[in-house]
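Undergrad: These protein sequence lines are chains A and B, in that order. Numbering-wise (the working numbering), the first sequence opens with residue 25 and increments by one. Numbering-wise (the working numbering), the second sequence opens with residue 25 and increments by one.
Because the hints were derived from the structure by calculation, they are not lab data. One thing to keep in mind: the hints can contain errors.
Pairs count within a copy or across copies, as identical chains cannot be separated in the list.
Listed below are the simulated PhoX-like cross-link pairs for lysine-lysine, each with C-alpha atoms no more than 25 Å apart in a straight line [stated by the list, open to error]:
#, residue 1, residue 2
1, Lys29, Lys311
2, Lys117, Lys91
3, Lys102, Lys35
Number of protein chains: 2
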Amino acid sequence: MDFIKSTIQNKHALNDNADNVRAVFYISDGTAITSETIGRSMLTRFPNVPFEVYVIPYVDSIEKADKAVQQINFLYQKTGMMPLVFDTIVDDKIREHINQATAFNLDIYEGLIGKIADELQVAPAPHTVNAHGDVDSEVYKERIDAVHFALDNDDGARTHHYAAADIILVGVSRSGKTPTSLYLALQFGIRAANYPLTEDDLYENTLPKALQPYKDKLFGLVIDIDRLVKIREERRAGSRYASYQQCQQELRAIQGIYISQGIPNIDVSTMSIEEIATRILQMTGLKRRIG
Amino acid sequence: MDFIKSTIQNKHALNDNADNVRAVFYISDGTAITSETIGRSMLTRFPNVPFEVYVIPYVDSIEKADKAVQQINFLYQKTGMMPLVFDTIVDDKIREHINQATAFNLDIYEGLIGKIADELQVAPAPHTVNAHGDVDSEVYKERIDAVHFALDNDDGARTHHYAAADIILVGVSRSGKTPTSLYLALQFGIRAANYPLTEDDLYENTLPKALQPYKDKLFGLVIDIDRLVKIREERRAGSRYASYQQCQQELRAIQGIYISQGIPNIDVSTMSIEEIATRILQMTGLKRRIG
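Looking at chain A on its own, in the form it has when it is part of the complex (with noise of 0.2 Å):
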């Protein structure tokens, strides 16, 4: 058929009867990137329970609805299990399809978009399919350039832009300033350079000189040595710049540099991006550019 393929959502619950897993369904008349960030999330609550993933996005027709429920029933048929479904189709009459699946369904907006008219006073309009809105040339642009400013800007490479910066993450190599610039980018418009403090800085105790007009865009990085050593062996086995040592002497040296700067700074070593990014934009205050 005719869908993204699935994918095992709590892998290290399944167990022998790995063809006995529930199925849920995320499906939308959009991207589906909504439905199932809102299931997802339902879910980490169940931790000890593998399911089957399946995401059917752009589901705007009644031959599409018909084709995902032929879907949701194989899988109830095949595991004796009534799949979970989360939609957010719009449509009445493209969701009444979707209804008549046999499936446990999560009809995520059901009845909040009235109140919410109501409070408003406003009549909602038809839906607009493009709920991440960045066609909007203004937002757009916005979120290209600071993906383009990222990357100029990645590692270091270049310094003579930093005063176009919203921002300067630095850290040791492998401490998440790639991932995470980017993600302020894609997600806040926010144009983060970032600036990997290698040996030769660090060893210095003072700030490169690249960095010293701009001490008050920068924002460090922290990250526990067991877990850089186990990212850097990753990357280079057995190498010196993997080692412990190496790690520690690196960890210990930009730690005295975040303290004599002032360099506000958090330990990511147990975030995700998304959650580095938010706790960035929450201690500096930092304005986003988009959204």
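Position chain B relative to chain A; hints supplied.
TA: Just chain B now, kept in the frame of chain A:
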């Protein structure tokens, strides 16, 4: 107060009465990204109502809840309109405090977790703070590796890793290849390279040598001419690169290559990055590495 600064949703709907804008709060004990995703998605149904958006993440104590309540009440006083509050706080006691604000409260999870628990016949676990789940080191590694793969193989920079690519995006300069590659990496752990088809490639009317062994991995982005001219103008105003004639020639030539080589492709002109990525997964059947 101590929270992320406000932004405006539906900015175009702002009028002279800019002081009198309805406040919306996205509140969570985690990053509040889920709460915001859900809320924004619902409010797209009210495109002519401007909202002043406040995001308050990490409300994980009664003290923080009471601070948020003060803020909500302050906005109620200021605007004379009840703020909308979307919250995904799991702890009942903390949520009860939030509910005491003078606000229109949309408790998204209310009841739903309980219903799921009944269907699964499994008691919900206490809230796990990390809804994004990539502290799980396997997921983290896939994600970071994919980001670094996208960076290393951006813009045709290197071509000798294409055997390891899940997909290779092609298109003219500024058709959206780079942000799409990065989004595929961050969101789905997919290793996406991208290669710009430049004038030289295009006028040969054949695939560049580096791409020929990987024809099955190619996916083409198409963009309409007016949008391309606009985007290139913003980059290099008045240049030949941004001229209508140049854009037209490149777009015609690339369409010829897509057809003659049988490369699947989509017109991304009116799509957000999320939509491009989702459509690509749907059309190619490419399997996510995470999620």
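Undergrad: With reference to the structure, classify each hint as holding or not holding.
TA: Hint check results:
1. In this homomeric assembly, Lys29 and Lys311 come within 25 Å of each other (Cα to Cα) only across copies, at 6 Å, whereas the closest approach inside a single copy is 38 Å.
2. For the homomeric pair Lys117 and Lys91, the shortest alpha-carbon distance inside one copy (15 Å) is at most 25 Å, but the shortest distance between copies (43 Å) is not.
3. Only within a single protomer do Lys102 and Lys35 lie at most 25 Å apart by alpha-carbon distance; the minimum there is 19 Å, versus 49 Å between protomers.
Checked against the numbered hints listed earlier, the structure breaks none of them; every hint is satisfied.
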